[in-house]
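A.B. asks: Below, each chain spelled out in residue letters.
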Amino acid sequence: MDSLERYREIVPDFEGFLAIQNLPLLHSARVNTLKVDRSQLLAQLNEEEVGYRVFEWYPLGLALDVESPGKLLVNLQGYMHIQEEVSMVPPLVLDPQPGEQILDLCASPGSKTTQISQMMENRGLVVANEPSLSRIAPLRSNCERLGVLNVAITRYDGRRFPGGPFHRILVDAPCSSEGRARRGQGVLLRCNRKRSLDLQALQIGLLKNAVQLVEPGSIVVYSTCTYAPEENELVVAEVLDKAHLESASIAGLKGCPGITEWEGRELNEDLAKCTRYYPHINDTGGFFVAKLITD
Amino acid sequence: MPSSSRIRNVFEPLENSVVAELWNSRFGIPTQAFDGFRFFRKSHSVWVISNSHIPKLSYETLGMRIMNLKDRPWKPTTCALQIFGRSATKNLIHLDEAGAKLFLTGGSQPILSLSEPGYVVVFYRGDVLGCGLYSHGKLISQLPKERRMDAKMQGEDI
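Chains as they are written, first to last, in my numbering: chain D, 1 to 295; chain L, 296 to 453.
The hints are simulated quantities; they were obtained by calculation from the structure and are not laboratory data. Because the structure is a prediction, the values reported are computed rather than measured. Positions of the beta carbon are idealized from the N, C-alpha and C atoms, including for glycine. Honestly, I wouldn't trust all of these hints.
In silico DSSO-like pairs for lysine-lysine, Cα to Cα no more than 27 Å straight-line [said to hold, decoys possible]:
no. : chain 1 : residue 1 : chain 2 : residue 2
1   : L       : Lys-433   : L       : Lys-396
2   : L       : Lys-351   : D       : Lys-208
3   : L       : Lys-385   : D       : Lys-71
4   : D       : Lys-254   : D       : Lys-273
5   : L       : Lys-440   : L       : Lys-370
6   : L       : Lys-351   : D       : Lys-71
7   : L       : Lys-351   : L       : Lys-440
8   : L       : Lys-370   : L       : Lys-385
9   : L       : Lys-385   : L       : Lys-351
10  : L       : Lys-370   : L       : Lys-433
11  : L       : Lys-351   : D       : Lys-242
12  : L       : Lys-370   : L       : Lys-396
Simulated coverage check for chain D against chain L, where a stretch passes if three residues somewhere in it have a Cβ under 8 Å from a Cβ of chain L [claimed, not checked]:
no. : stretch
13  : 185–198
14  : 205–217
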């Protein structure tokens with residue numbers, strides 16, 4: 001938990017932020033509209049006596065009151081996908097349209113890939129890139145279970161992904177994952193400023209490549225599940241000569257603005273358009289989302 | 296069906312009609328169910344993907360693996376049956392609750408069916424559970440291990 005101390009000045013209600021780290025997250029899932037209607041899934045959950053609450057900000061998101069949602073028949077059948085609540089935000093900011101060509105640069109295990117696919121109603125193409133061989137199997141398995149028919153998997157180093165242009169790109173970058181601490185505190189033991197700076201080099205490489213794989217005026221979404229400014233605003237700042245920011249907020253879900261000052265250094269004030277999701281504000285995990293429009 | 300290169304990551308285009316006719320002949324699925332898709336073959340596998348421009352890249356997968364041609368008869372995948380098998384009109388078996396549970400745990404069960412021996416679409420309450428093998432009055436579950444009820448699930452992710 002010590003590793004979070006350096007965020008005391010930037011996180012509102014810091015004591016509340018620390019306190020909630022020890023509270024496990026509720027399970028949550030997304031309705032897979034590629035296979036069922038929302039009403040059909042809800043009826044099946046009622047029948048199996050699984051308690052649920054629909055998210056106020058997203059009608060396809062459900063909080064589940066059940067111990068092992070992965071074992072439910074509705075999950076095995078691919079009618080829903082277990083996914084953390086704020087993890088459902090980046091695809092909504094990306095706003096992919098049916099028939100478009102989308103690149104998901106860091107795809108596995110595919111929660112956001114499959115959400116993008118369902119937003120596109122299985123039409124068009126999602127290129128799901130994942131360099132790590134061991135992470136291809138879960139990505140593929142999730143696509144198959146969910147009935148996804150418009151995803152093609154590649155294995156390039158995202159910093160040198162060839163090709164394009166794509167209509168939109170999601171860069172859900174590898175990160176220190178501090179926002180996952182409510183799933184297990186172990187993740188925080190590995191987190192510190194140095195580790196974040198190591199990851200930053202990779203994250204900048206990924207985002208710099210992404211902004212040149214789309215036409216001018218296209219959306220590139222950058223997201224992480226960490227609080228570290230080194231992996232968030234300081235990465236986004238590196239491409240502000242090639243793209244500008246638009247608000248990444250979502251109606252009905254409380255976010256905090258991106259920071260514009262860190263370690264005594266003034267940052268680009270546009271970075272306030274990024275959105276930070278803290279666990280104690282909406283009772284979720286933690287996330288960072290930036291919406292870039294290429295110039 | 297034409298033979299295929301076994302070189303890695305080489306997907307060779309296949310005519311829609313070749314695939315549609317095989318599925319029509321075994322399961323009575325209307326050939327139009329396969330309109331709007333493209334088919335590829337890599338080694339013994341056939342893949343289906345929504346019809347769209349496919350940029351020239353090196354691919355690990357192209358859409359969903361729908362059938363395996365390695366043995367005779369060809370074998371449909373469970374994930375493909377859950378999409379295309381819904382409109383099957385023959386070689387299908389409806390299970391009751393107890394039968395469905397047994398099927399979902401990967402078990403075999405004696406069953407009386409008019410199906411021809413071979414792979415069948417297994418239904419429970421109107422939903423496709425997946426692929427079964429019907430032979431000598433017995434239904435053998437072909438569900439992949441990770442899709443079985445007692446199987447360890449893919450970890451949830453954030």
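A.B. asks: Now tell me if each hint is right for this structure.
C.D. replies: Hints, one by one, checked against the model:
no.: 1; hint: L:Lys-433 / L:Lys-396; verdict: holds (16 Å)
no.: 2; hint: L:Lys-351 / D:Lys-208; verdict: holds (22 Å)
no.: 3; hint: L:Lys-385 / D:Lys-71; verdict: violated (30 Å)
no.: 4; hint: D:Lys-254 / D:Lys-273; verdict: holds (14 Å)
no.: 5; hint: L:Lys-440 / L:Lys-370; verdict: holds (16 Å)
no.: 6; hint: L:Lys-351 / D:Lys-71; verdict: violated (39 Å)
no.: 7; hint: L:Lys-351 / L:Lys-440; verdict: violated (34 Å)
no.: 8; hint: L:Lys-370 / L:Lys-385; verdict: holds (16 Å)
no.: 9; hint: L:Lys-385 / L:Lys-351; verdict: violated (39 Å)
no.: 10; hint: L:Lys-370 / L:Lys-433; verdict: holds (17 Å)
no.: 11; hint: L:Lys-351 / D:Lys-242; verdict: holds (26 Å)
no.: 12; hint: L:Lys-370 / L:Lys-396; verdict: holds (23 Å)
no.: 13; hint: 185–198; verdict: violated (count 0)
no.: 14; hint: 205–217; verdict: violated (count 0)
When held up to the earlier numbered hints, the structure conflicts with 3, 6, 7, 9, 13, 14 and fits the remainder.
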